[in-house]
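Chemist: Below, each chain spelled out in residue letters.
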Amino acid sequence: MTVRTIGGICLLSLLLLLAPLRALAEGEQEVYSQAAELLMSRGFDEKGQAIQLLADNNHPQTQLILTLLMDSRLYYNKEDDRLYQIDDYDSGKPAISITTGDRLVIEKKRDFKKITLNNQLRSQVRQIQAELGLKASDLSRRLAAVRAMLGSMDSDTLSLVRKAYAGEQSAAVREVMQVAIAIGELPRADEARARDAIDTLGGSLEPDARNALSQFASATDSKALKAAAEKALAEIEQRTNLYGGIETLYFGLSLGSVLVLAGIGLAITFGVMGVINMAHGELIMLGAYTTYVIQQLMPNHIGLSLIVAIPCAFLVSALVGIAIERGVIRFLYGRPLETLLATFGISLVLQQAVRTIFSPLNRSVETPEWMSGLIEINPVLSLTTSRLYIILFCLMVFFALLLVLKRTSLGLQVRAVSQNRAMARAMGVRSEWVDALTFGLGSGVAGVAGVALSQLTNVGPNLGQAYIIDSFMVVVFGGVGNLWGTLVAGLSLGVANKVLEPWAGAVLAKILVLVFIILFIQKRPRGLFPQRGRAAEG
Amino acid sequence: MRMKKLAAGVALGLGASMLSFAALAADTIKVGVLHSLSGTMAISETTLKDTMLMLIDEQNKKGGLLGKQLEAVVVDPASNWPLFAEKARELIEKDKVSAVFGCWTSVSRKSVLPVFEELNSILFYPVQYEGEESSKNVFYTGAAPNQQAIPAVDYLKNELGVERWVLAGTDYVYPRTTNKILEAYLKSMGVAESDIMINYTPFGHSDWQSIVSDIKKFGAEGKKTAVVSTINGDANVPFYKELGAQGVTADSIPVVAFSVGEEELAGIDTAPLVGHLAAWNYFMSVDSEQNDEFIESWHKFIKNEDRVTNDPMEASYIGFNMWVEAVKKAGTTDPAAVQDALIGVAVPNLTGGYATMMPNHHIAKPVLIGEIQDDGQFAVVSSTPGTVVGDAWSDYLEGSKDIVSDWRAPLACGNYNVKTGKCSGQNF
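Which chain is which? The protein sequence lines are B and A, in order.
Take the first sequence: its letters are residues 11 to 548, numbered as in my numbering.
Take the second sequence: its letters are residues 2 to 429, numbered as in my numbering.
It should be emphasised that the hints constitute simulated quantities derived from the structure, not laboratory data.
Careful: at least some of the hints might be erroneous.
To be verified - Across the chosen pairs, the derived CB separations fall in these ranges:
1) B:Gly337 to A:Asp172: 33 to 41 Å
2) A:Ser195 to B:Pro70: 44 to 52 Å
3) B:Asn388 to A:Glu194: 26 to 34 Å
Just so it is clear, the structure is predicted and the values come from calculations on it, not from any experiment.
Idealized CB from N, CA, C, for every residue including glycine.
Just chain A, with the same shape it has in the complex:
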């Protein structure tokens, strides 16, 4: 035991001295890219790896950062959650990266979280998630539930007059938490228990016949019905195919999805989907100068005019630019300094506004509702007038509504309970 500690101490000392040496000698700043390039999640994550490479490439063309060139260190955690933690450790300890951009699923984020906290590094997480988390070391540039799910439900209720709700999701943490929040929210607005139907299916569920038939029956009882879908990944294609096959059209029972974007639609025959909805903070079809530029450089980088852009790509774009600004502001890539500098940084987003990093490590985003068109793009039918600030702890859940997150001194706490006046540290 003592030997081990000693060895660890020596290793740490060695590591520290090597670090300072490396910092002196290195002429590049290393940036870690932690996205699965093989396995189930490769379908979504390879695009983000390419996006990061493009952004780093562009930054280098602009002269790099702090007078140095950026260097991407790409690793493949292979959709294997424990491997994410190993690869994260490798990036931080061995490659000495200044920040890491990565993860897609919540479980992969939860897996790397202890590593980032232990080694006090920085992770930018670019995907919409269920909230109920705020870490000192993680910056969430995707949407929290109040930036996606709740505005979408508001739209259905107010604009389409929906009175009955089907909450359909894949059986894991993001849909379950989101649906819990939505259920509480709907009930707080006076929706009766009998007007809410909740349904969970396993990962990659491919036989939707009975569920779609149930939804059809649920929707045939005279009240306007909508489906709020947190169905994830591959299961969406057979779901929409079955909706089309059973004749459920968007004007009878609209489906609003939180995990279906341009990239997912590229693999689907979109004919039966026209009119169904999705809520995101960015659509490729958004008309703005920044977006046109982004799409153009993406097509140039990937050498394919048919490739689409999507919301997590925008979140990666925002996260990277925020990091660049914060490093400039801090004058160093030291993670502790950059963490402080990041709060309050504002960079342009792709929808023509600005994204600001909030003290709770979430960002302010506009919320857009889009309808699927037959070319696989979205037509924006509604957008929030301004930006919505990401709420780490939902106001609609027992136990989480009293908790606030503020990483500025003197509070510097991710889960401060305003009722008891206690901060429960990093244990959540």
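Same shape as in the complex, but just chain B:
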């Protein structure tokens, strides 16, 4: 397909140069109406022909139509059979004609029908866009265009890239272009040039460069070249492994921060107060649902709604937490078994309540634009933005909590009550009030964790159940009553899980981590950072 496209473009541009100007405009008109008709038909084959027709004829509207198609913003009107651009498909919103630029107000939504693509068409469009993109003025588009062509280098694309290379200013684009040229040249070059190409490819981390090298290594007759290619492959392998290790570490840290976020509220209620709160997961779930509700309330500000949701989720979960503490748990202090049963019951009640209020179906929480996407460091290592935010958010929550406990009077009272209740009371601390607030604080933090989790996983009634075991695991492993322990435990469990996962599989990795914790707790029953002092003994 590519060969034909390029051939078509070259031939046609030649023809167009020779043809008189007026005929050109008429020809374009004809091409456009033909293509438009094909686009409006139902079959994907016809749509493919239309796209090819526009590209082959180098039609000035090609770029626009292709972009709109990819963004699914191209519609046609069933009444006048013309193509329209619609950014917001709703009655009362404007529809812009592709040919004339006229604006129309959508009266009936059903009059307009979207032109849909399938995967084959999408890759066809992407290929054409790449070829057009080589000449784009935008640097990132040129870069993307060259990279998209790496996988399909042949003599035609080679000459295209060579031509573009001569006029290219940006060093970054030139570098990728060199790789592209090397991939294209490698199977056809003489010995000396092949060596150069192998050197260039050996220095690149592009997966296509590696594929080209390994193909060349198995196909070439020359022993020397084969050895050179294999050496380059080994080097690439080594560097890929290094970046793979960094990637695993990143994955581990981000999984770890999710664990820390989920566990840190529990570190307060369970760690500091000693309450086995089985409803902790449901408090996280409430936070996630609060995010959903806030997002429903401000549908046009997805990013802002997420920020607003943080204090709201804290409040909602904290209030529910205080209600649980005042209503149930305070009667059960010192009776861990009863607390466990009672809070387990509460967790079921909360789940079913959410099921009744919001329906048992999952709710969809949108991810804001600035949280989606990748930070690409090199072709084999890219960091997902959402995970980066989660790691940062986790650290922020952690240090804020640390500050509250170490630097505020509430924190002082919490620590006093947890260390020696009777003495604290004797000093005039209202221990009941402190209990309620501490439980509220722990619950509120769980709610904040829910906001973060809503970006990663389902917002549904079962959200909490998925995290309750992990939370307890992190707190117990870290050492009950120690925030730093929770942080270190969460992050190290995350990393351990991710290191094990590639060779043990997800199921076995999880089992291995649990077995490790069981063995560890046997050796050190108080966790990584045990609390010291007389109070801890009692």
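Given the structure of chain B, go ahead and fit chain A onto it with the hints provided.
Modeler: Just chain A now, kept in the frame of chain B:
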């Protein structure tokens, strides 16, 4: 021991006499609905409960069945597999239902199977499953692997030119069996071992970073790669989110899923999913008169224009109508008579064709491949020319390829081995 037997005998006799009495006095026909309304599976199963209530309601408006009104008996097995068996027994023995519509997961079906066989009642099972089963008492209106998984793989191979395969699934019986069948099928078509990557994850797995990164690396080796996903339920959302986050688009590595339908998409931000595929026997977007009617009455019944319809709902619809036709044909609701009458019954499906109940208690269905659109609906990109008959025992598995199922006399066997000429009864 003897006392117990005696007591059981008395109870049975009492029950039988009560049954005949009830049959004489009752002016309604009872239909059991056995779907979880709480617990993990409530997310999927409550919709089917509503669908059944709607279908029964409509049938009553049409004058009921055999001159009687239908009455739904709804119980909640609460996503608890042993409770499914208890509730099934309760429905059949205590409520005396004529047929039961229910179950979602294979494990719940396996749990109620002995109950239905012991009491010789009828269960309609409306969900796609792994096959390798054919019971006298169960009618499978969902897809068997050859009605979903294999056509989907054919589509990827022939239309998209896929050469490398990632089989990703949740770690339980349906994905494991389906993947075993697919692996055997792919190898029979000459796909090398090194071009197949199989991956299992626990239920509700939420951290997909390394797996998606592995898939990305697996797909970057120059051959067109696709993911065949039997990932179940809640784990799908974080999986697709991670695919989107790591920039895996449908045109680089398409994912075809067997457990993701309109209902599941309603809870997801669909933007990163556009173009990924699903294989089903029904899509809400299918253009047919029956489908328009069905959607309209669904919206009217549930009083919400935004609710979607999905494949298991169609399977419930087909199953219910088949039962109604079979009862009419048999002239009685007696399960034994209805079981015989069901074979060969044909009712319209929602995609504009007919569904026929086959002698192996599976039905003939068209197979559709759809691409996810940004509005959470599917655009059909491929469909089989006719219907495909459900195959209870896969032709690609050792030990199961020689087995056939035919519940008509004189064979009347769910697992007849054509090589040894033996029927191993209901023990499978």
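Chemist: All the hints need checking, so say for each whether the structure fits it.
Modeler: So, going through the hints one by one against the coordinates:
Between B:Gly337 and A:Asp172 the beta carbons are some 39 Å apart, a value that agrees with the proposed interval 33 to 41 Å. For A:Ser195 and B:Pro70, the hinted distance range of 44 to 52 Å is satisfied, since their beta carbons lie about 47 Å from each other. Against the hinted window of 26 to 34 Å, the Cβ-Cβ separation of B:Asn388 and A:Glu194 comes to about 31 Å, which satisfies the hint.
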